[in-house]
Amino acid sequence: MNYILEPWPWYVAGPLIALIMFLLLMVGKRFGMSSNLRTLCTICGAGSKSNFFKFDWKSQRWNLIVVLGAIIGGFLGSTYLSTTTEVAISPKTIEDLQELGFASAGTAYLPTELFDISALSNMKSVLLLAIGGLLVGFGARYAGGCTSGHAISGLSNLQLPSLIAVIGFFIGGLFMIHVIFPLIF
Amino acid sequence: MRTLVYLGIGIFFGITMFKSEAASWFRIYEMFQFQSFHMYGIIGSALVIGIVMIQLIKRFGIKSFYGEKIQILPKDKGIRNYLIGGIIFGLGWALSGACPGPMFTLIGAGYLPILIVIVFAVLGTFLYGILKDKLPH
Numbered sequence: 000m001n002y003i004l005e006p007w008p009w010y011v012a013g014p015l016i017a018l019i020m021f022l023l024l025m026v027g028k029r030f031g032m033s034s035n036l037r038t039l040c041t042i043c044g045a046g047s048k049s050n051f052f053k054f055d056w057k058s059q060r061w062n063l064i065v066v067l068g069a070i071i072g073g074f075l076g077s078t079y080l081s082t083t084t085e086v087a088i089s090p091k092t093i094e095d096l097q098e099l100g101f102a103s104a105g106t107a108y109l110p111t112e113l114f115d116i117s118a119l120s121n122m123k124s125v126l127l128l129a130i131g132g133l134l135v136g137f138g139a140r141y142a143g144g145c146t147s148g149h150a151i152s153g154l155s156n157l158q159l160p161s162l163i164a165v166i167g168f169f170i171g172g173l174f175m176i177h178v179i180f181p182l183i184f
Numbered sequence: 000m001r002t003l004v005y006l007g008i009g010i011f012f013g014i015t016m017f018k019s020e021a022a023s024w025f026r027i028y029e030m031f032q033f034q035s036f037h038m039y040g041i042i043g044s045a046l047v048i049g050i051v052m053i054q055l056i057k058r059f060g061i062k063s064f065y066g067e068k069i070q071i072l073p074k075d076k077g078i079r080n081y082l083i084g085g086i087i088f089g090l091g092w093a094l095s096g097a098c099p100g101p102m103f104t105l106i107g108a109g110y111l112p113i114l115i116v117i118v119f120a121v122l123g124t125f126l127y128g129i130l131k132d133k134l135p136h
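Top to bottom, those sequences are chains L and B.
Residue numbers for the first sequence follow numbering that gives the first Met the number 0, so the first one is 0 and each next one is one higher.
Residue numbers for the second sequence follow numbering that gives the first Met the number 0, so the first one is 0 and each next one is one higher.
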């Protein structure tokens, strides 16, 4: 039981993700999460603004149910399957983050500076979360997929476009952390 | 019945994202600093198994649980949209520490400010839909 309550190591989590992809293939579906963002646009009536959103969203209902499950899974994982939600990142990372002003590094699941409910009254935190979300949504659709669709599904199928997208993910991520973070934090 | 199957897979996915800490902003930061093997181990091992799995599915023409042929359509050819879109996604991934799966997991885990990320991710997708024809692909 302790094994479940402790954070799961990579060699457990990785194979489980592969199993999730396998299960989705075996029920005739594909592993890809960002397409749900498009479906949500369509449900909100975006079809009247762009043909990109004109499709029968009910054909994607299954994926929204997977999302609902992911929400429930987050609740179960944090409430019943964890004794601690501290993330044991490397000591060097903790040191670096504390220098940047993230005092919660090493003692929380997410930085309280951005994700604690009190952060909602901090204009800068709200703005950074909003910009982050905007870039994720825009970029994922522009690239035709996100981590699940490209880095896992696409690369598993040895698709060149997915390799290009994943290289892009890393160029963007490295630039954000190494160049932009020192400027904004 | 199928709805329950999708829900079950989703719950399994959500628990895995939370428990593996792939949904943690800190792990994403650490990954881009190359200070831990954790995230590379997760993605790498999923990938190695995934590659073998998809080769086997293709080689043996494995059918789904419902008896349909499993077809994996290749992505359209191109470079610019994948590279530029990928870079924009990467910037947002590192900043918000959440990709489109884990961000939903975090609602369930009770981190409500993630709703801002989600609302703006939907808006970002909407913006792409509006600008699509004007962007290089």
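Don't take each hint at face value.
Unchecked claim - Derived lysine to aspartate or glutamate pairs resembling EDC-like cross-links, with alpha carbons at most 20 Å apart: (1) L:48 to B:132; (2) L:28 to L:55; (3) L:53 to B:132; (4) B:131 to B:67; (5) B:57 to B:67; (6) L:28 to B:132; (7) B:133 to B:67; (8) L:28 to B:75; (9) L:123 to L:85; (10) B:76 to B:132.
As the list claims (entries may be wrong) - Derived contacts from chain L toward chain B, CB cut-off under 8 Å, selection only: (11) 44; (12) 64; (13) 146; (14) 176; (15) 178.
The set of hints was computed from the structure by calculation and includes no laboratory data.
Quick caveat: nothing in here was measured; it's all calculated off a predicted structure.
For every residue, glycine included, the Cβ atom is placed at its ideal position computed from N, Cα and C.
Going through the hints against the structure:
1. Between residue 48 (chain L) and residue 132 (chain B) the CA atoms are separated by roughly 13 Å; this keeps the pair inside 20 Å, and the hint holds.
2. With a CA separation close to 16 Å, the supplied pair residue 28 (chain L) and residue 55 (chain L) stays within the 20 Å bound.
3. Between residue 53 (chain L) and residue 132 (chain B), the direct Cα distance comes to roughly 15 Å. Compliance with the 20 Å bound is thereby established for this hinted pair.
4. Using a Cα cut-off of 20 Å, the hinted pair residue 131 (chain B) and residue 67 (chain B) is violated, with the two alpha carbons roughly 34 Å apart.
5. At roughly 13 Å between alpha-carbon atoms, residue 57 (chain B) and residue 67 (chain B) fall within 20 Å of each other, so this suggested pair holds.
6. Note on residue 28 (chain L) and residue 132 (chain B): the hinted pairing is violated, with a Cα-Cα distance of about 28 Å set against a maximum of 20 Å.
7. Our distance criterion of 20 Å between C-alpha atoms is broken by residue 133 (chain B) and residue 67 (chain B), whose separation comes to about 38 Å.
8. Taking the CA atoms of residue 28 (chain L) and residue 75 (chain B), the gap is about 19 Å. The hint holds against a cut of 20 Å.
9. With a CA separation close to 24 Å, the supplied pair residue 123 (chain L) and residue 85 (chain L) exceeds the 20 Å bound.
10. A C-alpha spacing of about 17 Å is found between residue 76 (chain B) and residue 132 (chain B), which places the hinted pair at or below 20 Å, so the restraint holds.
11. Annotation: residue 44 (chain L) was flagged as interfacial toward chain B, and the flag is violated, the nearest CB pair being 10 Å apart, outside 8 Å.
12. Given hint, residue 64 (chain L) at the interface with chain B, holds; its Cβ is 4 Å from that chain's nearest Cβ, closer than 8 Å.
13. Below 8 Å, beta-carbon pairs count as interface contacts, and residue 146 (chain L) has one with chain B at about 4 Å; its hint therefore holds.
14. For residue 176 (chain L), the interface hint holds, since its Cβ comes within 8 Å of a Cβ in chain B; the closest pair sits about 4 Å apart.
15. Hint status for residue 178 (chain L): violated, given a least beta-carbon distance of 10 Å to chain B, over 8 Å.
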